[in-house]
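Visitor: What follows is the residue order along each chain.
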Amino acid sequence: MSGTQQTELALEVRELSRTFGARKALDKVSFELPRGAFLSIFGPNGAGKTTMLKVLSTLTPPSKGTALVTGLDVVKDAVELRERIGFISHNPLLYPDLTAEENLEFFADLYCIDDPKARVKELLTAVELNHRRLDAVRTFSRGMIQRLSIARSLLHKPDVIFLDEPYSGLDPHAMDILDSLIEQVRAEHTFVMISHDLQKGLELCSHALILAKGKIVLFDEREAIDPDAFAATYRATVGMGVS
Amino acid sequence: MAAKTQGLHISGMRQFKAILKKDIVMELRTKEMLTSMGLYALLVLLIYYVALSQAGSSFDVTNIAGGLLWLAIVFTSLLGLNRSLVHEKDQGCLDALLLAPVDRPVIFFGKAIGNLVFLLIVEVFVVPLFMLIFQAGKYANLSAVGWLALVLVAGSVGIAGVGTLLATMSVNTTGKDFVLAVLFIPIMFPLLLAVVAATWAILKASPDMAVYWKMLAVAGGYDAIMLLAAYALYEFVLGA
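Protein chains in written order, with the working numbering: chain A, 12 to 254; chain B, 5 to 244.
If you're looking for bench data, these hints aren't it; they were derived computationally from the structure. Predicted model, so just to flag it, every value in this text is computed and none were measured. Don't take each hint at face value.
To be verified - Here are some, though not all, of the chain B residues that point toward chain A, as calculated from beta-carbon distances under 8 Å: (1) I14; (2) V106; (3) V128.
Every residue, glycine too, gets a C-beta built ideally from N, C-alpha and C.
Okay, chain B solo, but in the shape it has when bound (with noise of 0.2 Å):
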């Protein structure tokens, strides 16, 4: 992805890692999309312990442990796409990143695995945190801790590509919240129905490893085919 013209050697690499380290920068500086996406998870794991605390000792929560889990990581993730998109669209930054000579699918992976990274650091302090609450761990061993990291860089891969490219469309118009939860949830629902079940698969007492890996590659294929959507719309998306 080299071109050289007006003097200039267009480097689409050199783009993609300052977009990514602007973010993480500024993140770091201002740690506005972490605190407040690990607040709210936080909450949304208090929430569940006061539904679940009448349920009595007799409630088996691993059953229900996946699913939980990934609604806490999916409102929890709206909260940072959003603000992502907003960050550029308020100081009108937007505007100069589409004044620059880039190609727009660079600015939506620079942005994409900005937002991977902060979504991975989020989980990283709230699943375990959901799981010594819940003990929805309580069948796991060492091995099926690596089988969950998978499922977990594989849904959140696809709630940052795709939620990246539906903050750009909805960062334009009035009600940006809302608009972004509306389309949001429904498209990610393949991807849920397969993460969920492939969480449940391997935290149950005894892990159904052919239901895992057969999740894991909807999962994977899910990811795969959105990205290259995004890929391809992204640059109608910042147009329009």
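Looking at chain A on its own, in the form it has when it is part of the complex (with noise of 0.2 Å):
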């Protein structure tokens, strides 16, 4: 597949598998997800999300099949996805020592981003943290770093977003400023995301997916799906065990 090459699926995944010694973390797992969609994925602990937010990231290689990226292969076309895709974690990837504003313009560099600092403002400004620019991060509340973690990942423009778990460990205020950061940039973007709260993830997606086991039990498009029946299948995959 060409790296340039435009195609109208954020996501082409293919067979894919990661194993870790004999343990199988996702077990021929294949979908495809539209541009501009929004993906929530649902299952239990050890259902093998974060390893495939890992792989579809290119943080970890899948052991077997194929995962494309806006058309660019997670293995063969590592370092061009990477200027492609955005990050959100539980675990904010910013430095606590230095300010938000040297995060920033730190990532903004390393993405070779053309004139960072106006680029830092305006995230700044537009995640409500410009008045605390130059205060360290290790000084920040969960929520004003989560909201700098947002920043973050959108510094070089994205096409596609990964959220691992983004309301993890928020009050209802702070998760409502990342709904409303969340709506403002949606248009733009496809976003993947973890979440084990079925109510916020399925408000949010146009798409849904279970995992277990490493397998997908039920991949379906929002509209098609019935929250009662979804709880029903989703409840049933906890009691599966892990991959």
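Build the complex: two chains, separate frames, hints provided.
Guide: Here it is in structure tokens:
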């Protein structure tokens, strides 16, 4: 697949497997996601959700199968693909001893963004942290750190944003701010989010996927999903154990 | 090292400078590595002082000064090398670095040069103190100081390069301090032999420049080979 080829699909996952020793974290997973979609991934602990996100974001290579993100192979085109993806985790991926501004300027340099100071200021304003730009991140609340983490992930205007339980540990006010931020940029990006919150995940998504023991139990468009039946399927997977 | 994709003009040099600057700014702010390395080196010197206090005035410390000095430097560097990667790992920042479109060798050189700078800063204070306390440089003239500085740089380059690679390998292991030490010292053995011999050759009453240059060449060769190996292996090590 050419590195610059444009495709209407944001994700094309074919027979994707990832093993750790004898344990199959992902077992022949296949699905497709159109550009601009919002995919919520559900599943019990150890189902392979984080492994899937790590493979799709080039952090972990697959053992077998292929995965294309915006038409780019996660192994062969990894460096180019990293320019097109953003990652927000419950882990902030920020340096606590640097200020908010220094953190964003550091990542702006890693992505070689033109006029990094202007872009950093624009994003700090967007996440309402401009007034704290000179404060060390270690002095920030959980909600503020998560907002800064979102700014970090948007610095290079990625096509696809991966979110690994982004609401974890947030108070209701911080959750509202995160909702608002996602809503503001939703039209311009494809989102792939891991969530344990069925209501929140279904509320945001255009597509939903349940993963258990490394396999897809259910994958469908949100419009085709009956929330009660979906919840029952999800609860059933919790008893399936880990992959 | 420039590529244009997604409207971004990727520059390895800009990324390298960013990683190095970030490490230096963080260290100047926290002084965590410099303080712990400096204090540890002072404690080692104190132990040497106690150990050698009974040797008597006839004992010429210059015969073993090279070994003592490099022992202190190696143990001190282990402390700093561990901290440099643990910083990244603790906050998940290593993942953030890996998610960015940065060639892995750029990360290696950024971290390794940072470690080299911190090690050299500690040496600037510790080496003169060592010479003063133990009178290890009593035969050395001004030019010997320059030759000694050259050995210190050659040894420190190897320590920082190999140490950064091994610290990256060990950062995901449970007993990372132990694992780093167990891997580091045997791999550093040829370099240690060379720099200890070169230091001895320059500090003795009649400097032996033939031995000095031979050992410095060995150290330089070791540095070149190990840096190339680290450059080639770093992507594999990060992905493992």
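Visitor: Next, verify each hint and record whether it holds.
Guide: How the hints compare with the structure:
| no. | hint | in the structure |
| --- | --- | --- |
| 1 | I14 | holds (5 Å) |
| 2 | V106 | holds (6 Å) |
| 3 | V128 | violated (24 Å) |
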